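Engineer: The primary structure of each chain is shown beneath.
2 protein chains.
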Amino acid sequence: MQSFDFYNPTHISFGEGKIAELDKLVPQDAKVLVLFGGNSARSTGTLDEVKTALKQREVVEFGGIEANPTYETLMQAVDVIKQQNIDFLLAVGGGSVIDGTKFVAAAALFEGEPWDILLNWGANVTQAMPFGSVLTLPATGSEMNSGSVITRKELKAKLAFMSDHVFPRFSVLDPSKTFTLPERQVANGVVDAFVHITEQYLTFPVNAPVQDRFAEGLLQTLVELGPKALSEPQDYDVRANLMWVATMALNGLIGKGVPHDWATHMIGHEITALYDVDHARTLAMILPGLLDVRRQGKQEKLLQYASRVWGITQGSDDEIIDQVIEKTRQFFEQMGIQTRLSDYGLDNSSIDTIVAQLEAHGMTALGEKQDVDLAMSRKILERNL
Amino acid sequence: MQSFDFYNPTHISFGEGKIAELDKLVPQDAKVLVLFGGNSARSTGTLDEVKTALKQREVVEFGGIEANPTYETLMQAVDVIKQQNIDFLLAVGGGSVIDGTKFVAAAALFEGEPWDILLNWGANVTQAMPFGSVLTLPATGSEMNSGSVITRKELKAKLAFMSDHVFPRFSVLDPSKTFTLPERQVANGVVDAFVHITEQYLTFPVNAPVQDRFAEGLLQTLVELGPKALSEPQDYDVRANLMWVATMALNGLIGKGVPHDWATHMIGHEITALYDVDHARTLAMILPGLLDVRRQGKQEKLLQYASRVWGITQGSDDEIIDQVIEKTRQFFEQMGIQTRLSDYGLDNSSIDTIVAQLEAHGMTALGEKQDVDLAMSRKILERNL
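Protein chains in written order, with the UniProt record's numbering: chain W, 1 to 385; chain F, 1 to 385.
These are computed hints drawn from the structure, not numbers from a lab.
Treat the numbers as computed from the prediction; the structure is a model and nothing was measured.
There could be a bad hint or two in this list.
A pair holds if it fits inside one copy or across any two, identical chains being indistinguishable in the list.
Claimed, not checked - Listed next, the in silico SDA-like pairs over lysine to any residue satisfying Cα-Cα at most 25 Å (straight line):
no.	residue 1	residue 2
1	K327	E16
2	K228	G147
3	K256	A20
4	K153	N68
5	K24	P130
6	K24	Q2
Start from the sequences and build out the full structure, keeping to the hints where you can.
Structural biologist: Given below as C-alpha cells:
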C-alpha cells in the first residue's frame with residue numbers, strides 16, 4: 001500500500017425527511033444564499049422545503065447554475081454575496097450546483113482574479129466561505145469531497161480545483177428527492193459514479209485489499225441497482241443505496257493508498273467543453289477504448305475486476321479482458337448511454353480538435369503512470385469511434 | 001437502509017516515516033503532554049522519534065496507562081495538565097492509551113466529577129482538549145472514532161462514552177511501528193477488529209449492500225492476513241493492511257444505516273473488569289456461543305456471511321450456520337486465542353458473577369433488538385463454557 005493522508009470533515013445527514021435538520025446544521029443567525037440550477041428545484045417543492053427548514057434566517061436565491069457550471073454565471077453569485085453581505089452558502093442540487101458553490105465560496109474571499117484558482121488547481125486557495133449542500137442528484141460525489149470542476153465558456157475550458165477549504169460543512173442526502181429525476185440524469189449519475197470508481201481501481205496492484213474490495217463492492221452494487229433505478233424509480237432503497245455508492249465513490253476513501261488514472265475524465269472534460277455532451281456520456285465513450293488500449297499495464301487489475309465484479313473467469317487472459325470490456329460497455333448501453341464517439345456525431349476531425357485542446361491544457365502525461373501522451377489519447381479516442 | 005448521520009473529522013496520516021509530520025500536525029506553540037503505556041514506547045525508540053518530531057515544543061511525559069485504562073491513573077494525568085498548563089495531548093500507543101487520552105481530554109475541562117461522563121455515556125461532554133495520536137497497535141479503531149472505554153478499579157466497572165468532542169484531531173499510522181509487537185497483542189488486535197465488524201454486520205438485513213460488502217471485504221482481509229501477521233511479522237504490507245482494516249472496522253462507516261449488536265462487547269467488558277482477561281479474548285469466548293444462541297434472528301446475515309466471507313454454501317441452513325460458527329471459532333484459535341470460558345479458568349459460578357455485574361450495570365436489553373436479557377446472556381455464556 002502507498003502512504004497517504006485522509007481527511008474528510010463533511011457531516012452527512014442521510015435519509016428521508018432530513019432536510020428539516022437544516023435548522024440544526026446552518027448557523028442560527030446566518031444570511032443564506034441558496035444556489036440552485038434550473039427550475040426543478042422550485043417545481044419539485046424542494047426549494048420551498050429548504051426555505052421552510054431555514055425558518056427565520058434571511059434567504060437570498062441564486063438560480064440558473066448550469067449543468068457544467070460556468071465561471072461567467074458563478075461570478076454573478078460572487079457579486080450578489082458582496083452586495084448583500086451573505087455569510088453562508090447552501091447548494092441545492094446535484095454535482096454541478098455543489099461544484100459551482102465551492103468555486104463561489106473560494107472566489108468570494110479570493111484576492112485577485114478567481115480564474116487563477118483553476119489555473120493553480122486550488123493550491124492558492126487559503127480560505128473559503130462556509131457552505132452546505134442539499135443533494136438532489138447522486139452522481140459526482142461533490143457533496144462529500146473538496147473537488148470542483150468549472151467551465152469558462154469564452155475559453156472553451158473545463159478545469160478542476162481541489163482545496164481542503166471547500167469541503168461542505170454538511171450535506172443532506174434525502175433519497176426520496178431523487179424520485180422525480182429524469183431517467184437521463186439517473187443514468188448519467190450511475191455511469192459517472194461507476195467511472196469514478198474504476199479510475200481509482202483499474203490501474204496496477206499495490207497490495208491494498210481493503211481499497212480493492214471496497215471498490216469492487218461499490219461496482220457490484222451499481223451493476224445490481226443501476227437498471228432497477230430506471231425500472232423502479234420510486235423504490236426508496238434502490239435510490240438510497242445508489243446515493244450512498246455515488247458519495248463513497250469519490251469521497252477520497254477508496255482512492256487512498258492506491259494509484260489513480262483520471263485520463264477518462266480529463267479527455268471527457270475536453271469533449272464536454274467543445275461539444276456540450278453530458279459529462280457522464282463522455283466517460284462512457286472513452287473508458288471502454290481506454291481499457292482496451294491500456295490492457296497491458298492494467299492486466300492484473302482487469303482480470304481481478306472480471307472475476308470479482310462480473311464473475312468472468314473462463315478463457316485466456318486476453319479473452320477475459322475482451323469479455324469484461326464488452327460487459328462494461330453493455331452496462332453503459334443498458335443504462336441508455338451510448339458508448340461510441342460516432343453515436344454523438346463526432347468523427348476523426350473531432351478527434352483532431354479534442355487532442356489539440358488536450359495539448360492546450362497541458363494534458364500530455366495522463367494515466368496512473370503519466371504515460372498517456374497525446375498520441376495515446378488519440379489512439380484511445382480512435383478505438384471508440 | 002436506515003437513516004443516519006455520519007461525521008468523522010480525524011485526519012489520518014498513514015505510512016512509514018509519517019511520525020515526522022507531527023511537526024505539521026501539532027500547533028507550533030503547543031505545550032504537549034505525551035501519554036503512553038508501558039515501557040515499550042520508550043524501548044522501541046518510538047517515544048524518542050515522537051519527541052524529535054515535536055522539535056522545539058515543550059513536552060511533558062505521562063506513562064503508565066494500563067491495558068484497560070483506569071479512571072484512577074487517568075485522573076493523575078488530569079492533575080498534571082492543570083499543574084503544568086498543558087494545552088495539547090498526544091497519545092502514543094494502542095487503543096487503551098488513546099481511549100485514556102480521550103477521557104483525559106474531556107475530564108480536564110469537565111465541571112463536576114468526571115466519572116459522571118461514563119455514567120452519562122458522554123452526553124454531558126460539552127468540550128475537550130485538542131489531542132492527536134500516534135498508533136502503535138492496530139486493534140480498537142480508537143484512532144479514528146469518538147468512543148472510549150474506561151475502567152474504574154474500585155468499582156470493578158468498565159464503561160464506555162462517546163462524544164464528537166473527542167475525535168482525535170489527527171492520528172499517525174505507521175505500520176512499521178507494529179513490527180516489534182508481541183504476538184499476543186497482534187492476535188488480540190485481529191480478533192478485536194474482527195468482532196467490531198461482526199457486531200455491525202451479523203444482525204438482520206436492512207437492504208444496505210454497500211455496508212454489507214464493506215464489512216465482508218474487511219472480514220475477508222482479516223481472514224487472509226491475520227495468520228500472516230503472526231508468521232511474517234516484518235511484512236510491511238501485511239501490517240499496513242491490518243492497520244487499515246482495524247481503523248475502518250470502527251470509524252463509524254460500516255455501521256451507518258444498519259442495526260448493531262454490541263452484546264459481545266458488553267458481556268466481555270464485565271469479564272475483563274472481573275477477571276482481568278484481555279479484551280479481545282473475552283470477545284473470542286463470547287461471539288461463537290452468541291451466534292449459536294441467536295442464530296434464528298441472525299439467520300439471513302449468517303448465511304450471507306457463510307457464503308461471502310467463507311465460501312460455505314453446501315448443506316441445510318442450520319448446517320451452514322453450524323459450519324460458519326465453527327470456522328469463526330477456528331479462526332480465533334488459529335490466531336492463538338482460546339474460545340471457551342473454561343480455557344480461562346471460568347466456570348458456572350463465574351457466570352453467576354458476570355450476570356450479576358451485567359444486572360448492576362443495567363445491561364439487561366442488549367443486542368440488535370434489545371432482547372438479550374440476563375437469561376439470554378446467561379445462556380450465551382453457558383454455550384461457551
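Engineer: Taking the numbered hints from earlier one at a time, note which ones the structure violates and give those numbers from smallest to largest.
Structural biologist: 1 and 2
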